[in-house]
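Trainee: Sequence:
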Amino acid sequence: MAPIPITLLTGFLGSGKTTLLLSLLPQLRAQNPSYNLALLKNEFGDVAIDSQLANSSSISGVREMLNGCICCNLVGQLGPALEELRESIPDLDRVVIETSGSAFPATLAMEVNRLARETGSTYVLDGVVTVIDVENWKGYEDTSYTAKLQARYTDLVVFNKWEGAGERRFDECLDRLGDLEGINVAWVKSDRGRVPYDLIFGIDRGLAGALGDGEQNHQGINGHDHKHDHAHGHNHKSGHQSEVEVLSVTLQAGDTDTGRAAISTDKLEKLLRAAPKDEVYRIKAVLTASKPISGSDEEVATVEIPSIPTRYILNWAFGRWTFTPFTAATGEHESSDGIVLRMTIILARYESTKWKKKIEATGFIDLEGDHKGHLRIEKIV
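Residues in the sequence shown are numbered consecutively from 11, following the numbering used here.
Calculated from the structure, these hints are not laboratory results.
These numbers were taken from a predicted model, which means no experiment stands behind them.
Backbone N, C-alpha and C fix where the C-beta goes; we use that ideal spot for every residue, glycine too.
Errors might be hidden in some of the hints.
Restricting the straight-line Cα-Cα distance to at most 30 Å, the calculated cross-link-like pairs of lysine-lysine (DSS-like) are [what the hints assert, rightly or not]: (1) Lys280 <-> Lys301; (2) Lys389 <-> Lys287; (3) Lys287 <-> Lys301; (4) Lys366 <-> Lys382; (5) Lys366 <-> Lys277; (6) Lys364 <-> Lys158; (7) Lys366 <-> Lys148; (8) Lys277 <-> Lys382; (9) Lys368 <-> Lys382; (10) Lys389 <-> Lys366; (11) Lys389 <-> Lys367.
Restraint ranges, calculated between C-beta atoms of paired labels, are given here [to be verified]: (12) Asp347 <-> Lys389: 21 to 31 Å; (13) Pro43 <-> Arg186: 33 to 43 Å; (14) Tyr45 <-> Glu388: 35 to 45 Å; (15) Lys364 <-> Lys277: 16 to 26 Å; (16) Asp347 <-> Asn42: 35 to 45 Å; (17) Met11 <-> Lys367: 53 to 63 Å; (18) Met11 <-> Arg283: 46 to 56 Å; (19) Asp185 <-> Lys280: 29 to 39 Å; (20) Ala284 <-> Arg359: 11 to 21 Å; (21) Leu190 <-> Lys287: 19 to 29 Å; (22) Arg202 <-> Arg359: 24 to 34 Å; (23) Lys368 <-> Arg202: 31 to 41 Å; (24) Glu279 <-> Asn42: 36 to 46 Å.
Given the sequences, and given the hints that come with them, work out the whole structure.
Mentor: See below:
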């Protein structure tokens, strides 16, 4: 039996990894209607937003790895997670591992190659794909060592969100990519998040084959040494923890309001518009609202306003957001235990204390009308 190919999809927070992934399945199904693609998704916090969106797109199976980084404290769970997908999906054609925005791809590539050896070639690492947000990469590339590593240890770079940034900004990103110790990596520009599937899959293991195929082989693309980074103090296991901080936010209705309460979208909109991109990287939430929050940006989803409070998925990155209503495929239609909102806020380092106090003081997250709720904000990373 042929090994199951695994593609690693990485990129900094908000770069558009999930959008790229969701564009691939229709292309694959057009070639083979029975194609079985599974997603292993790593998320900060306990709100599996992107996995729920993936479920709605008829991906054959989704497995979440939450509350940690897949290349650090969750790496030991990778083998069991892959086995669970393989056993639950007959004739599995491919697994895409979508990492958190702060994951180091080389460490994960070595772990997949190790699992391939130990399982008798049940799996094979097809390649590593890194998505770069052209509009915002110049900012976070300056401050994030992980963003540089993601662009350096990869087989293919997908330049995303370049349409609104202009050719000059794209050229700057291309120059900065070349400045990362002189790497010369293949790249492609997406078409509003879409890339032909045959460019993403079948990379032929350029970097993938060079990382960890032998017990002593630690060489990366163009001869870069993974151990060299650790020798110079760039230990990713601790380093990524200092690059981002994560707040878990829960808003729960009172006992008398359970089933009727909704989030105040007017107040929440102020948070979405006030969050600066150099302090707040991502906001993800599952919430109950009487209406979606729309805006002038073309990426803000506009939907028909329902007559009763409805569950939505909120996905915010760098000042843009989508408000997606739950469907039968996504699964969660009613809040449980009176939970009106579950939110994960991913921030730059040293920003969590300030934003925790700001949310508590300003009332950005509250119930609409006269309803009173219980707000809990915890730092989890």
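Trainee: Hints first: check each against the structure and report whether it holds.
Mentor: Each hint tested on the structure:
1. Lys280 <-> Lys301: holds, 15 Å
2. Lys389 <-> Lys287: holds, 19 Å
3. Lys287 <-> Lys301: This hinted pair holds, its Cα atoms lying about 25 Å apart.
4. Lys366 <-> Lys382: Distance of about 19 Å is within 30 Å: holds.
5. Lys366 <-> Lys277: holds, 16 Å
6. Lys364 <-> Lys158: Status holds; Cα separation ~27 Å.
7. Lys366 <-> Lys148: It holds: about 27 Å lies between the C-alpha atoms, which stays within 30 Å.
8. Lys277 <-> Lys382: holds, 14 Å
9. Lys368 <-> Lys382: Roughly 19 Å separates the two Cα atoms, so the pair holds.
10. Lys389 <-> Lys366: Holds, at roughly 8 Å.
11. Lys389 <-> Lys367: holds, 12 Å
12. Asp347 <-> Lys389: 21 to 31 Å: 22 Å Cβ-Cβ, so the 21 to 31 Å window holds.
13. Pro43 <-> Arg186: 33 to 43 Å: holds, 41 Å
14. Tyr45 <-> Glu388: 35 to 45 Å: holds, 40 Å
15. Lys364 <-> Lys277: 16 to 26 Å: Since the Cβ atoms of Lys364 and Lys277 sit about 19 Å apart, the hinted range of 16 to 26 Å holds.
16. Asp347 <-> Asn42: 35 to 45 Å: holds, 42 Å
17. Met11 <-> Lys367: 53 to 63 Å: holds, 56 Å
18. Met11 <-> Arg283: 46 to 56 Å: holds, 52 Å
19. Asp185 <-> Lys280: 29 to 39 Å: This hint holds: roughly 38 Å between Cβ atoms.
20. Ala284 <-> Arg359: 11 to 21 Å: Holds, since Ala284 and Arg359 (Cβ atoms, about 20 Å apart) stay within the stated range.
21. Leu190 <-> Lys287: 19 to 29 Å: holds, 22 Å
22. Arg202 <-> Arg359: 24 to 34 Å: Taking Cβ atoms as reference, Arg202 and Arg359 lie about 31 Å apart, which means the hint holds.
23. Lys368 <-> Arg202: 31 to 41 Å: Given about 33 Å between the Cβ atoms, the range holds.
24. Glu279 <-> Asn42: 36 to 46 Å: Since Glu279 and Asn42 have Cβ atoms about 43 Å apart, the given range 36 to 46 Å holds.
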